[in-house]
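A.B. asks: One-letter residues, chain by chain:
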Amino acid sequence: MKLVHGGGGRLSRQLIDEVFLPVLGNRYLNTLDDSARLELSGSKLAFTTDSFVVDPIFFPGGDIGRLAVCGTVNDLSVVGAKPLYLSIGLIIEEGFPMEQLKRIVESIKKTADEADVLVVTGDTKVVERGNADGIFINTSGIGILRDKVEISGSNAMIGDRIIVNGPLGNHGMAIVTSRQNLGFKSQIHSDVAPLNHLTEKMLETTDRIHAMRDATRGGVVTVLNEIAQSSNVGIELDEQEIPVSEDVRGACEILGFDPLYMANEGVLVAFVHSDDAESLVKEMKKLKYGKKSKIIGRVVETSQGRVTLRTKIGSRRILDMLSGEQLPRIC
Amino acid sequence: MCLAVPMKLIKIEGEKGLVEVGGVQREVGLQLIEDVKAGDYLIVHAGFAIQKLDEKDALETLALFREMENL
Amino acid sequence: MKYIDEFRQTEVAKRLAQKIHQLAAGKKMAFMEVCGTHTMTIARNGIREMLPESITLISGPGCPVCVTPNRFVDTAIALSRQQDVIITTFGDMIKVPGSTSSLEAERASGGNIQIVGSTLEALDLAGIHPEKKVVFLGIGFETTAPTVAASILEARRLALQNYHVLCAHKTMPPAMDVLSRGEVHIDGYLCPGHVSTIIGSDAYFPIVDKYRIGCVIGGFEPLDVLQSILLLVQQVRSGSPAVENEYSRAVRPEGNRKARGILSEVFDSCDSEWRGIGVIPESGLKICESYQQWDALVQIPVQVEQTREHRLCRCGEVLRGKIRPLECSLFGAGCTPDTPIGACMVSTEGTCAAYYKYQAYQKN
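Residue numbers (this note's numbering), protein chains in the order written: chain A, 1 to 331; chain B, 332 to 402; chain C, 403 to 766.
Okay, chain A solo, but in the shape it has when bound (with noise of 0.2 Å):
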């Protein structure tokens, strides 16, 4: 296994190919949707799981406790779902300060409470020093999907608008700016947030959003990849309208980093009918977390499967999904 497998990008996706749905897959499974949609006695229930592994453990803008409410919460917003219980599950390791550990508590509770979700389980493990990085969070999560609702990867539509939420890249950036020793000296802050209020506004808004995801590692290019992919279309996006803050994008050009595959945690992509496009922006713009929402590109007939970009200078590029993780480059 090489670190890259985690990444999020091309490899992570021949990973789940190539290992885990031959053997596992099953028609619920197989959606590779953010969470998966079940049917229990009558209910429609969402159902995800997620892992944290973040370092630092505490970054500009949030923690890993907050990450692991907000991770999850998100999943199961994105499929239209309700989020109502998590499970917290903790790996610790021998020697980690009880100090941090509380901080960690006190943030998941705090996030939980913004998010109205509660933590109705969990379980704790302690490894021996060395085996685990401080502490690992898996947390999984349970919602009740609305009704009518059929979002998923592969129903966008051609003529469909993409909307985001807010900027781009500020999780992945925080994180780089916080962690190498690169000589930062500025606070660039993750948008880890969780996002249940506002894709509740949302499908209250209108019900033709078609496809919505988390766009998390590997950034907004991997999740317009896997959804050009599962519903067969081409995406086209207007470098001029994606929204990256100025010390983000700072960052970036230093670095030679590209703030579309950049990781986020506060980032929705969500795909709605063009007729319903501008009224949903201005609908998310009044909540805390969309208020800089725009649209960012189309789904088109042309170039199925692929994600293209409109550059600032009026060309076209492909957006491929990264073969690897972003490094400080020289080239």
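FYI, nobody ran anything at the bench for these hints, they're computed from the structure.
Among the hints, erroneous ones may be present.
Claimed, not checked - Sample of chain C residues facing chain A (criterion: CB under 8 Å; computed from the structure):
no.: 1; residue: R410
no.: 2; residue: T412
no.: 3; residue: K430
no.: 4; residue: G438
no.: 5; residue: N447
no.: 6; residue: G448
no.: 7; residue: M452
no.: 8; residue: E455
no.: 9; residue: V467
no.: 10; residue: I496
no.: 11; residue: S503
no.: 12; residue: E506
no.: 13; residue: I517
no.: 14; residue: G519
no.: 15; residue: G542
As the list claims (entries may be wrong) - Restricting the straight-line Cα-Cα distance to at most 27 Å, the calculated cross-link-like pairs of lysine-lysine (DSS-like) are:
no.: 16; chain 1: B; residue 1: K387; chain 2: C; residue 2: K416
no.: 17; chain 1: B; residue 1: K368; chain 2: C; residue 2: K404
no.: 18; chain 1: C; residue 1: K612; chain 2: C; residue 2: K429
no.: 19; chain 1: C; residue 1: K404; chain 2: B; residue 2: K347
no.: 20; chain 1: C; residue 1: K660; chain 2: B; residue 2: K387
no.: 21; chain 1: A; residue 1: K201; chain 2: B; residue 2: K347
no.: 22; chain 1: B; residue 1: K347; chain 2: C; residue 2: K534
no.: 23; chain 1: A; residue 1: K282; chain 2: A; residue 2: K292
no.: 24; chain 1: C; residue 1: K759; chain 2: A; residue 2: K2
no.: 25; chain 1: B; residue 1: K387; chain 2: C; residue 2: K404
no.: 26; chain 1: B; residue 1: K339; chain 2: C; residue 2: K759
no.: 27; chain 1: B; residue 1: K342; chain 2: A; residue 2: K185
no.: 28; chain 1: C; residue 1: K404; chain 2: A; residue 2: K312
no.: 29; chain 1: A; residue 1: K312; chain 2: C; residue 2: K660
no.: 30; chain 1: C; residue 1: K534; chain 2: A; residue 2: K292
no.: 31; chain 1: A; residue 1: K312; chain 2: B; residue 2: K339
no.: 32; chain 1: B; residue 1: K347; chain 2: C; residue 2: K660
no.: 33; chain 1: C; residue 1: K535; chain 2: A; residue 2: K2
no.: 34; chain 1: A; residue 1: K185; chain 2: B; residue 2: K368
no.: 35; chain 1: A; residue 1: K102; chain 2: A; residue 2: K125
no.: 36; chain 1: A; residue 1: K312; chain 2: C; residue 2: K759
no.: 37; chain 1: A; residue 1: K282; chain 2: A; residue 2: K201
no.: 38; chain 1: A; residue 1: K82; chain 2: A; residue 2: K44
no.: 39; chain 1: C; residue 1: K404; chain 2: B; residue 2: K342
no.: 40; chain 1: C; residue 1: K724; chain 2: C; residue 2: K759
The beta carbon of each residue, even a glycine, is placed where N, CA and C say it ideally should be.
Based on the hints, put chains B and C in the right spot on chain A.
C.D. replies: For chains B and C alone, coordinates are given in the frame of chain A:
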């Protein structure tokens, strides 16, 4: 092989300088240049300033683009 | 962002492209760029698509990763396998295939290999770990070499005994001289802007005088590249090859004297092997005797495996502009961006990687 960015010099501390682009600040080495002061724009590569950006020239180049279009 | 955004304006770009179309008037021209960062800008901004079909932009050997021979990677790997060595490197090198492994693979097997953005970080590491030998992989051309030279001077100032450099720096003008000898027809060079910041625009006069091939020094924003191409087209149409400096805001005729002084203080020039081209006399840099203390090759005894190149790899011909990636039998058949066999496939916008992406696109 030349990823480098114009960054504004905020402060000089001996052989090190604090530079900024887009609000992001970074510490860089000033060993490779001389005669710079706060407010200058520097070309930064691999953690070092390698040249001072000539602002007059920058504006002239931009003006030249416009001239070229009209030739 | 100041001095960045203004060089990316849409309308100006479109008009520059129109002007190029007008001036070129269907005449066939081939320009070579010799800088990996130019390759990136051109690919990222779709510049080829904006040019007339009669103009070919050739990506030459300007990517430090692509021209570094297998042996350098093998040596770095051998060093990384020593318990008391920490390898520090720019991210560019991590995936480059050596004879049997790569730094990425070694890291996965537990090798202490750290990616840094600057030699200053490597120096810090050496200070924090006096019990380890910190080896910095010195790759890159005249833009980067002075920063490495400065780090050696800094190591001397701080009396750091455990900082070393594995030097593989190369210099551009000698390579351009070899490329100009006619194997591939070149009507003009888009010269590397940041290398030129150090060596100065005057450094290109010998190429123009000897080979009558124009040299335009270009910056790295899309408008810089388009403007530079326009200048090259003008030179071809008027039959007057010359040295022209589009990147005057950063490049002076005499370059950066202080940086060059530091370079010659720490390094001597030497013959150097360029992957796919062979040995070019006086095209490399080596640490001179007075600074031997910080030379990894002198200070750290190491056994390096027998160097092996894949016999079907044609990276060299791609780098010289002689063939297109599609003509290499390994292209897409074993050599892909995820599983690179040759260095040309490693850089995300390198000639082979870029072709791979666009070829797959065309198939659709």
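A.B. asks: Look at each hint and say if it fits the structure.
C.D. replies: Checked hints:
no. : hint            : verdict
1   : R410            : holds (6 Å)
2   : T412            : holds (5 Å)
3   : K430            : violated (22 Å)
4   : G438            : holds (4 Å)
5   : N447            : holds (5 Å)
6   : G448            : holds (3 Å)
7   : M452            : holds (5 Å)
8   : E455            : violated (15 Å)
9   : V467            : holds (7 Å)
10  : I496            : holds (6 Å)
11  : S503            : violated (13 Å)
12  : E506            : holds (7 Å)
13  : I517            : holds (6 Å)
14  : G519            : holds (4 Å)
15  : G542            : holds (6 Å)
16  : B/K387 / C/K416 : holds (25 Å)
17  : B/K368 / C/K404 : holds (18 Å)
18  : C/K612 / C/K429 : holds (24 Å)
19  : C/K404 / B/K347 : holds (22 Å)
20  : C/K660 / B/K387 : holds (22 Å)
21  : A/K201 / B/K347 : violated (50 Å)
22  : B/K347 / C/K534 : holds (26 Å)
23  : A/K282 / A/K292 : holds (10 Å)
24  : C/K759 / A/K2   : holds (23 Å)
25  : B/K387 / C/K404 : holds (13 Å)
26  : B/K339 / C/K759 : violated (37 Å)
27  : B/K342 / A/K185 : holds (13 Å)
28  : C/K404 / A/K312 : holds (17 Å)
29  : A/K312 / C/K660 : violated (37 Å)
30  : C/K534 / A/K292 : violated (48 Å)
31  : A/K312 / B/K339 : holds (24 Å)
32  : B/K347 / C/K660 : holds (16 Å)
33  : C/K535 / A/K2   : holds (26 Å)
34  : A/K185 / B/K368 : holds (20 Å)
35  : A/K102 / A/K125 : holds (16 Å)
36  : A/K312 / C/K759 : holds (21 Å)
37  : A/K282 / A/K201 : holds (11 Å)
38  : A/K82 / A/K44   : holds (11 Å)
39  : C/K404 / B/K342 : holds (18 Å)
40  : C/K724 / C/K759 : holds (21 Å)
The structure does not agree with the numbered hints 3, 8, 11, 21, 26, 29, 30 stated previously, though it agrees with the rest.
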